[in-house]
Amino acid sequence: MSVTTLSSQALAQRQPSWLVRLFDYKPFLIVMCLAPAIGLLAVFLTYPLGLGIWLAFTDTTIGRRGVFVGFENFQYLLTDPLWWNAVFYSVVYTGIATFGKFALGFWLALLLNNHFPFKSILRAIILLPWIVPTVLSALAFWWIYDPQFSIISYLLVDVLHWRSTNVDFLGSAWPARFSLIAANIWRGIPFVAISLLAGLQTISPSLYEAAMLDGASAWQRFRYITFPMMMPILAIVMTFSIIFTFTDFQLVYAITRGGPVNSTHLLATLAFQRGIAGGELGEGAAIAVSMIPFLIFATLFSYFGLARRKWQQGESND
Amino acid sequence: MAWDSGLRRLMMIYLPLGCFVLILLFPFYWMAITSFKPNAELLNYKEHNPFWISSPTIAHIKHLLFDTSYPRWLWTTMTVAIGSTTLSLIASTLAAYAIERLRFRGSPYVGLGIYLAYLVPPSILFIPLATVIVQFGLFDSPLALILVYPTFLVPFCTWLLIGYFKSIPYELEECALVDGATRLQILRRITLPLAVPGLISAGIFSFTLSWNEFIYALAFIQSGANKTVPVAILTELVTGDVYQWGALMAGSLLGSLPVAVFYSLFVDYYVSSLTGAVKE
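Chains G and D supply the protein sequences, listed in that same order. Quick note on my numbering: the first sequence kicks off at 661 and runs consecutively. Quick note on my numbering: the second sequence kicks off at 11 and runs consecutively.
Keep in mind the hints are simulated off the structure, nothing from the lab. Honestly, I wouldn't trust all of these hints.
[Said to hold, decoys possible] Derived lysine-lysine pairs resembling DSBU-like cross-links, with alpha carbons at most 35 Å apart: (1) Lys686(G) - Lys176(D); (2) Lys779(G) - Lys176(D); (3) Lys72(D) - Lys56(D).
[As the list claims (entries may be wrong)] To be clear about the criterion: a stretch of chain D counts as covered by chain G if any three or more of its residues have a C-beta under 8 Å from a C-beta of chain G, and this derived list gives those stretches: (4) 25 to 32; (5) 192 to 205.
None of the values given here were measured: they were computed from a predicted structure. No residue lacks a Cβ here, since even glycine has one placed at the ideal position from N, Cα and C.
Chain D extracted, bound-state conformation (with noise of 0.2 Å):
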């Protein structure tokens, strides 16, 4: 009986899940293995087992750092995502406060007209806002990326603020204000202090969406030098007919380990952010 339920278990949680894992993190081990292949091996199956590497090389990654322009590109990926996840994290904090704790007539609409913002897709904004753009003068700029970034960031960041907020006893800030504090006081000592597993939920889901953004940033960066990760490896490593498949691979890994590095450091919040929010 024991043994018949174990198997059963086997069959019916493990194998299934084990098949789950192996899809799911293929492509990425993919990515990996080919970012340390010689060329030789990367295009010879019949002598070298594909899965495995021979000869590891970091050629692909040398050129990527010396012959390209990729530290550029991190920079300017970097400059984005943290410029527009402080701009995001405070537009979205003092609203998110407004809404939840300053309670006004018509709080709940403002809060539901900022959550629908979330829902008009950046494919239907960029032709319009890149217009925009060049009316302000700022096409070809990081700052372009910046200021456009928060119309996705700041949605999402206020709807999880708003439950965050809502999850801290009123009691705390009435006190204070009987006490004689100014709300400004209130709001810098006791709320924002209190929120703060809130605040690094909201930075690491903006980070990793402005690190990932991709059509703004296709549409409104021209030259080589100011476009982001994703952008640049498509526009500027696809270069003629031979793709320079280790190269591209070393690219699309070292893209993608600052996200992945930075959402192991919080993983906890993010899963448990993410469950929230939808509970809600």
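Isolated chain G, as found in the complex (with noise of 0.2 Å):
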């Protein structure tokens, strides 16, 4: 408090000039502080993503400007197997990198809720995937899944036995899904689990001791308090995760570019290699566009999919 009664007294002293009365003014102040913020979003989210759609509409190319073409673009697209192939990707790469990134991160978040010495050390430790850039962790698993050379054929040809040959990750069509998709999960898992950690922590001990009492095993714990328990912060953890997996581009640039044979182009990486690296940027917006529904709709489901939950068990649990 002594820091305030100081500066009133030497505010007394001195006649404030017509600025410090300016920016005293409430409403003028409120512009002035939203303005930089609110301008930077303005230029460069709001209008780019309006001449998004407008270019999705155009034939705009690099050096060009395009005209309105209306839907040429998008009819197009539907008859182009590559984008046909981005959308089928991108929503197995969504569906099956989601659903691992969910289950191992909460089993790990489930762990990491016990008692033991070193805690926050493995969480930091744990943190690690998702802080380091991702293109850098991408070159890593290019490496490992290097046709010959890679450190699990390796393992499971000359070490365990197993296979006779290496196993081509990236040469052929599934392996290479695949391959990405563990790339993407392994990335994700911090993430999910340090914030279902945060939810864990949130829910009352009293609940767990009351089902002890009952006699509730630990499946019943888990089905009937944490798992309903969880189910808010699911949601939103879920809605961001699926909405930058299906948005991803890192990883498949870095590590396979839509190849082989563009089977692993998610609508991302087709728009880009269309737009920027083909010179369509109207087409390329169209694909880039084409994403929104996609996007709207996973939004939708995860949200209410998952929130809906929450009221259905009234108040009683909060």
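Please dock the two separately framed chains into a single complex, following the hints provided.
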């Protein structure tokens, strides 16, 4: 409090200039405070978003202003097997990776919720895959998936003798697809685990004590206390995860660049290939815009599908 | 009984935890060990144990530092990360203060609007943004990245800081108002000093997120010298059919170190603000 008294004395001696008084005028101050954030977002987010939707309806290429062509780009995409392939893989990629991340991340969160020594150090090192730039860890995976010198092949062939030949991880469609999904799950586990751990710690221990007294088994405690109590937080984290997995770019671009034979293109990498590398801005924008309906659907599905449970339970559990 | 529960604990907790840690850290181990392996060992698993280095070498790191523009890339990445973090911190502190403290009609909606901006993924924006960047004459300039990164940093930081401002008792500001302090003085002398932990965690998040950013840097930067580390490694070091795994992994290791060091210095802020943000 002494700070405020001091400053008020200093104030009383000095006549505030018009500038100070202007900044003390609340509406002006509000506008000034919001201006940088809103300005940046308006110029570099809202305007490009609108422009992107407009570009999707034009035939713009790099270096040439396009004209409005209506739904032509989208009609073309519907006949393009590569676009369908990217839609298919984006959905498969998001579905399996999200399932894997949440199953393993939830398990890891439950493990970390126990008491044992060096807990905080463990938490810190577990977050590393999430901190380190995705492209750099993706390069490590690229090397791990090397056709000739893969360390996994070495383990399977030379150490465990489970196989007789090296696994060609990135050489054909389905192995490449699953290799990318595995890398994505690896990267996503820490974030899911730490977020869910935060949720687990908000559950009151008295609920478990009461259940123990009633003779509930470990599985029943998980099924009827932990799981329902975690629903709201699962809904939020999963919504985020689905959005960022569906629109992922880095992992695929770094490891396969959409190959072999375009089998691992996600919509984002296909949009990059056509829009920036290929120069067809209009078509690239249309591919990017075609992600929006999937995103809205996935968001609504995960958010309402999971959050619904919250009000179904009523208030008694809060 | 005690032995039994100890064994059970081992099987149910420590064993799976050990597997998780092993798998989550293995790629980093592999990255690190490859960086110091001579090429002969790198491609010969018959005579050398792949999990260990018999004769470590710093040739890959030397090659990286003296034969490529790697120091320049690191410098560019650092500049971009610090620039965009500073810009985002200023913008989001002011915005969070206005939304949470200068309450006005519609302030919750402005907050929600800024938050929703976080859900617009960069992979939808990069094509139109590239044309905007060209219009502004910023193509191939790191300044473009400094200006564009706040689009995903500001929503996140504003959201985090609103939570921090909420935790500072409003009475402190009221007392100062009664004492005749101007609102700017209150922000500078009372609210900001109290929000320092929040500013630190927002800063760490911004720094790591801009260090990691890839798609904008790939789309907006053309010339080799102006690239950021993640883009440069992938586009400049991957040449031809024979990959220089040693140099590639050394580049990844060196590029990961600044964030890892930065992160480990502030890990407690990081974990607590991450868990705090999710609880909100």
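> Which of the listed hints are not met by the structure?
Replying inline: none
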